[in-house]
Amino acid sequence: MILLSVATFKKGVHPPYNKQYSSNKEIQQIPQPDEIIIPLQQHIGASLEPVVKRKDQVRRGQLLADSDSFVAAPVHASLAGEVTAVEKVPSPQGGRVLAVKIKAGGDQQEELAEVPGKEPEELSPEEIRQAVRQAGITGMGGAMFPTHVKLAVPEGKSIDHLIINGAECEPYLTVDHRIMLERGEQVVDGLLYLMRATEAEQGLIGIEDNKPDALKALKSAAAEFDNIEVRATETKYPQGGEKMLIKALLDRDVPVGGLPLDVGVVVNNVATAAAVSASLREGRPLIDRPLTITGEGINNPGNFEVPLGTPIAEVIKAAGGFAGEPGKVILGGPMMGQAQTSLDVPVVKGTSGILVLTRNQLEEYSPAPCINCARCVDACPMYLVPARLEKLAQQEELDKLEEYQVMNCIECGSCSYVCPAQRPLVHYIRVGKAAVTARKKSEQGGS
Amino acid sequence: MQSQELVVTSSPHLREETSVAEIMWTVNISLVPVMLAASYVFGLRALAIIAVSIISCSLTEYIFLRARNKEVTLTDGSAVVTGILLALTMPPAIPLWVVAIAAVVAIALGKQVFGGLGNNPFNPALIGRAFVTAAYPVLITTWTFDGQTAATPLNLKMMEGEITPYWDLFIGNIPGSLGETSAFLILLGAALLIYKGYLNWRIPAGMLTTVFLLTWLMGHDPVFHLLAGSLLLGAFYYATDMVTTPITPRGRWLFGVGAGVFVVIIRLWGGYPEGVMYSILLMNMTVPIINRFTRPRSLGEVN
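Chains as they are written, first to last, in this note's numbering: chain A, 620 to 1066; chain B, 7 to 309.
Hints should not be assumed to be uniformly reliable.
[As the list claims (entries may be wrong)] In the DSBU-like style, the derived pairs of lysine-lysine whose C-alpha atoms are separated by at most 30 angstroms in a straight line are:
(1) B:K76 with A:K629
(2) A:K674 with A:K720
(3) A:K1052 with A:K629
(4) A:K737 with A:K838
(5) A:K1010 with B:K202
(6) B:K202 with A:K638
(7) B:K202 with A:K630
(8) B:K76 with A:K1010
[Said to hold, decoys possible] Facing chain B, a subset of chain A residues (Cβ under 7 angstroms, in silico):
(9) H633
(10) P634
(11) P874
(12) L878
(13) P879
(14) G956
(15) A958
(16) P986
(17) I990
(18) L1003
(19) M1026
(20) A1040
[Said to hold, decoys possible] Just a few of them, taken from the derived set where beta-carbon distance is under 8 angstroms, the chain B residues facing chain A:
(21) S25
(22) Q154
(23) M248
(24) T254
(25) S304
Everything labelled a hint here was simulated from the structure, so no lab data went into it.
Keep in mind the model is a prediction, meaning the values are calculated, not measured.
A virtual CB, placed ideally from N, CA and C, is assigned to each residue, including glycine.
Produce the entire structure from the sequences given, and follow the hints as far as they go.
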């Protein structure tokens, strides 16, 4: 039952948000990089085949790699110039991936796809999905799941609500906030296409109530549409988790192992919605994305529009370089982002932020024994028992891990955040999830 | 740009500023009013008992950690918590050497043999107290007040059917163990811990409500039963020992209710006037099974 004006979920944590460094900085274009590195795997799904080779001249917006598989999103050149290599490079997700390297040269005017420029209601859901796939759009909040796959509603299911996730609950990050302020109409336009694609009757935009200006901007952008509602959600981590947002806005529980579409919902991030609008109105492939670069270790924190494939070192330079000695460079926010070893890794479709913490800020943690204080139990928004899962993962008790619903963990890190013994709870839970997944795979392979 | 030596750890990269030591020392601080009251009511002898208990617990902890080749973690404050909690269960006339033995048993048999902090199934202070109850039954039940031998309110009730006035129970103007004098000061310390989030209210709520309702149903004076003896101290400080109590919300209720039932059974029908210690120790045994059967239903899980 939703009676409160501010929608919320139970449990969760309240980390310091530190958004003041960049929340009032407009999105700026970064200087054109000399070289970009476009990883071919920028989505969850099948790997892509490159359609260009070394020495090829490419234009901005030209297709670089695609796949015949449905669950894949093509990549495009974000810089005009010469392909200098198609080789493996370090991936921001860890490991190495095949990538196309391009050295800048020639006219940078982008090549846009031909689009009919039709209004949402003039297009069929299939036409919208086609255009979204062609533009290579994936979830831009971090998970990088191909958007057209999310929009393909399976036989027998129907979607009643299309939710746009404007919670931005990760501390430090402000890019979604800026998108909503500066490109609110594009977000709403994207939402209308997304609703058409899924045949959802109702559009919902959820925004944490620490961003009253974004709430106002989107309310006014959506004012003319009766079927779009903009709602404030409580400022609490992880409000932007898909399952938390659905719980808060609609009080529906996504079943264990299920997807939002099992409860009639599809959720997309605000940046994704804006990209969908750009692809359908302008024929623009996903080749640039806005992101936040911030943290105590950055001289001029801000929000930048960055060509995909730009090495993060270039973005750091554009933000005035490091302030003091950098200790950690994190892609994403501090709660779920990944710490990087190299500044050569490129910005990819899911890079919502670059966070630099100084060496002085870093603390050495030496885990103490668990004292069963249950703070992790009280924090877990998925109602799991993290302390128990940690022990079971260490003991490789796979049956028990499954009994304790380890696969339902969304890895938000709230448990590790609150642990007074500074135990790396979510780390071991990830290990446990991987072990359970590996066993399932080998059982399927063996039978 | 050359990449400097960057630190790579898995997320989250933020942590709340809190620690086991902070929790333990806050518990210790919250008990200061009770300890001061004990020395006011029972004289400096109370302070001597507390000091001997803390020092013996700490020394035992130190020796065991060294012998087990573990890092010496006395600064985490957990041995001091046990020292204070053990002292508060002692009658004021107890010989100091008995306190020292109880402390060694509490830390050695109650905690270190199980692997130290976080691994002990029973509350260590109560193990120490239970040992003394068995080994020195006369010494542990000799109550003095103003230098005279006196009966505790629960003894008076059991033997003479006499009810001590509520106000005396509340402010602590009564014979008893060091910590079971003033209900008011116990509540004050507990309020601090609840405010800091270091004390789970479900356990004392379940335990006190159960004792109140059951004694009332049985035709006894429920207010007397709440205020007398070590019920309040036990409910707020021993039954909420994090290490030895359930971690699930429903489990905590169950633990509190179960402990309350045992208290009433022992007080009304048992051979002892007081049953808080045994009720908590008995419930400690049930923690693994309580945790297992009260696992919360995960979001989206269908029963």
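The hints, checked one at a time:
| no. | hint | verdict |
| --- | --- | --- |
| 1 | B:K76 with A:K629 | violated (39 angstroms) |
| 2 | A:K674 with A:K720 | holds (10 angstroms) |
| 3 | A:K1052 with A:K629 | holds (24 angstroms) |
| 4 | A:K737 with A:K838 | holds (24 angstroms) |
| 5 | A:K1010 with B:K202 | holds (27 angstroms) |
| 6 | B:K202 with A:K638 | holds (26 angstroms) |
| 7 | B:K202 with A:K630 | holds (17 angstroms) |
| 8 | B:K76 with A:K1010 | holds (20 angstroms) |
| 9 | H633 | violated (9 angstroms) |
| 10 | P634 | holds (5 angstroms) |
| 11 | P874 | holds (5 angstroms) |
| 12 | L878 | violated (11 angstroms) |
| 13 | P879 | violated (11 angstroms) |
| 14 | G956 | holds (6 angstroms) |
| 15 | A958 | holds (4 angstroms) |
| 16 | P986 | violated (10 angstroms) |
| 17 | I990 | holds (5 angstroms) |
| 18 | L1003 | holds (6 angstroms) |
| 19 | M1026 | violated (10 angstroms) |
| 20 | A1040 | holds (5 angstroms) |
| 21 | S25 | holds (5 angstroms) |
| 22 | Q154 | violated (42 angstroms) |
| 23 | M248 | holds (5 angstroms) |
| 24 | T254 | holds (6 angstroms) |
| 25 | S304 | holds (4 angstroms) |
Figure legend: structure checked against the earlier numbered hints; hints not met, in rising order: 1, 9, 12, 13, 16, 19 and 22.
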